[in-house]
Amino acid sequence: MNAWITVAGLLPVLLRAAIVTLEITAGGFMLAVLIGLVFALLQALRLRPLQVLIAVYVDVFRAVPVLTQLFIIYFGLTEIGIRLDPLPSAIVGFGINGGAYLTEVFRAGIQSIHQGQMEAAQMLGMTRLSALRIVILPQAMRVVLPPLGNFVIGLLKDTALASAVAAPELMFQARTLVDKTFLATQIFVAAAVIYLAMSLPLGYLTRRAEARVARGRR
Amino acid sequence: MTALAFLFAAVLGLVLALLRLAGGWVGRVAFLYIEIVRGMPALTLLFLIYFGLAPLGIVLHTFAAAVVALGLNGAAYLAEVYRAGIQAIDPGQREAAQMIGLRRPQIMREVVLPQAVPIVLPPLGNYLVSLLKDTSIASLISAPELMLRSRDLAGTYYLPMDYYLLAGAMYLIMAWPMMQGVRRLERRFGRGRLQGGRP
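One line per chain: the protein sequences are A and B, in this order.
So the first sequence is numbered by our numbering: it starts at 19 and just counts up by one.
So the second sequence is numbered by our numbering: it starts at 862 and just counts up by one.
No lab work stands behind these hints: they were computed from the structure.
It cannot be assumed that every hint is accurate.
Unchecked claim - Chain B is nowhere near these chain A residues, computed Cβ spacing over 12 Å in every case:
no.	residue
1	Leu33
2	Ile37
3	Thr39
4	Leu65
5	Pro67
6	Leu105
7	Gly134
8	Glu137
9	Leu150
10	Ile171
As the list claims (entries may be wrong) - Stretch-level coverage of chain B by chain A, calculated; a stretch enters the list once three of its residues show a Cβ under 8 Å from a Cβ in chain A:
no.	segment
11	911-920
12	1036-1044
A virtual CB, placed ideally from N, CA and C, is assigned to each residue, including glycine.
Sequences and hints are given; from them, build the entire structure.
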């Protein structure tokens, strides 16, 4: 029982680390959305060599574990003289990795919109790009929302891997405290509870957003 | 490690899905398990099992701990996959089976589950791919797999770029054929792949 009281005293440290977890999640998410959106749009423009390049990026980055990618960015790049701090490495790593997933998600969203819409927009004199931007994307957003929500939750949990490149997030701090106090059970349970406290509300929000979108679509 | 954890997850996941659909307090317990395990990172679960159980006198070998953790984690995901597959079967089928006098376990085994298989197969394949990649986190508790060996070598020769790229290439060689297989399954069963993200 005493151990639990000790851990309660360490809670502020863990909570501060949880904020770093959220920072990595937010940073990685923004980068991934940016990459995913741009690449999906480029793919929809149907320029052959570009399409192949993007398809290779998507497949390669989805087939290699994030942990390996993080190691390449954090440890590997030092070999060619690029030294990133843990936090930026984590954000870049999760961003590039997530970008591959989100390219697929946005692509599926864009493809789910009936082709006639693109043709109609082009009939009205829009270029492919402006048709995508003004006509297709806003409608695709609905389709994209649920997988996007799932992606954020997955990303939040994946940030635990950033502990392996010494980014000072929740899991890293938990491991450090375990090394100092040897209270492995209590501290890891506390970390798990904090993750749950972040991911369950996020899951609830995603479901609500999905329900709203479903209602809007009849 | 991937194969063992997959078997573990596939079986436990099916049990969980059936329990959850059975309702009552068993269903609620299964639901709670699924929500809690899906809400925490696999790494946290792994550390809980490997380091967290040690003070309670349960000391697992690194390999066993990794299989158990990835299996427990995967079971929660697969339970949802199975549930979706089972619920996708038209309730009329169940009613018709009842009409001709089949009992409930019989209905599940002979009518519902066989039809759920093609629905469940593509997400099951996706899970296998992500499980293969997730085994890399077992290196963090020093389970002797690909990522740990790469770290050893990278540290020994101080060539991190080369060895981690090599590790990446090896994962690619293993995962890519699986991904193609999943794609083929998806095309064959004519289901869109909207779920994106990680399962």
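Q: Over 12 Å to the closest beta carbon of chain B is the bar; see if proline 67 of chain A clears it.
A: Fine: 21 Å to the nearest Cβ keeps proline 67 of chain A off the interface.
Q: Confirm or reject the statement that isoleucine 37 of chain A sits farther than 12 Å, beta carbon to beta carbon, from all of chain B.
A: holds, 16 Å
Q) Since leucine 65 of chain A was said not to touch the interface, does its Cβ keep a gap of more than 12 Å from each Cβ of chain B? A) holds, 23 Å
Q | Distance rule for isoleucine 171 of chain A, whose beta carbon must clear each one in chain B by more than 12 Å | A | At roughly 8 Å from the nearest Cβ of chain B, isoleucine 171 of chain A sits no farther out than 12 Å, so the non-interface label is violated.
Q: Test the statement that glutamate 137 of chain A is away from the interface with chain B: the closest C-beta pair must be farther apart than 12 Å.
A: holds, 22 Å
Q: Go check the segment 911-920 of chain B versus chain A for me, would you? Three or more residues, Cβ under 8 Å, otherwise it fails.
A: That given contact holds, which follows from 6 residues of the segment 911-920 of chain B lying within Cβ reach (below 8 Å) of chain A.
Q. Closest CB-CB distance from glycine 134 of chain A to chain B, is it above 12 Å?
A. holds, 19 Å
Q. Regarding the assertion that threonine 39 of chain A does not contact chain B, is the least Cβ-Cβ distance greater than 12 Å?
A. At roughly 10 Å from the nearest Cβ of chain B, threonine 39 of chain A sits no farther out than 12 Å, so the non-interface label is violated.
Q) Is the nearest CB of chain B more than 12 Å from the CB of leucine 150 of chain A? A) Check passes; 19 Å lies beyond 12 Å.
Q: Please confirm whether leucine 33 of chain A is truly not at the interface, meaning its C-beta sits more than 12 Å away from all C-beta atoms of chain B.
A: Given that every Cβ of chain B is farther than 12 Å from that of leucine 33 of chain A, nearest at about 16 Å, it holds.
Q | Annotated coverage of the segment 1036-1044 of chain B by chain A, confirmed only when three residues or more have a Cβ within 8 Å | A | holds (count 3)
Q.
If we take the beta carbon of leucine 105 of chain A, is the closest beta carbon in chain B still more than 12 Å away?
A. About 18 Å separates leucine 105 of chain A from the closest Cβ of chain B, which puts it past 12 Å; holds.
In terms of the numbered hints stated before, the structure departs from hints 3 and 10, listed from lowest to highest.
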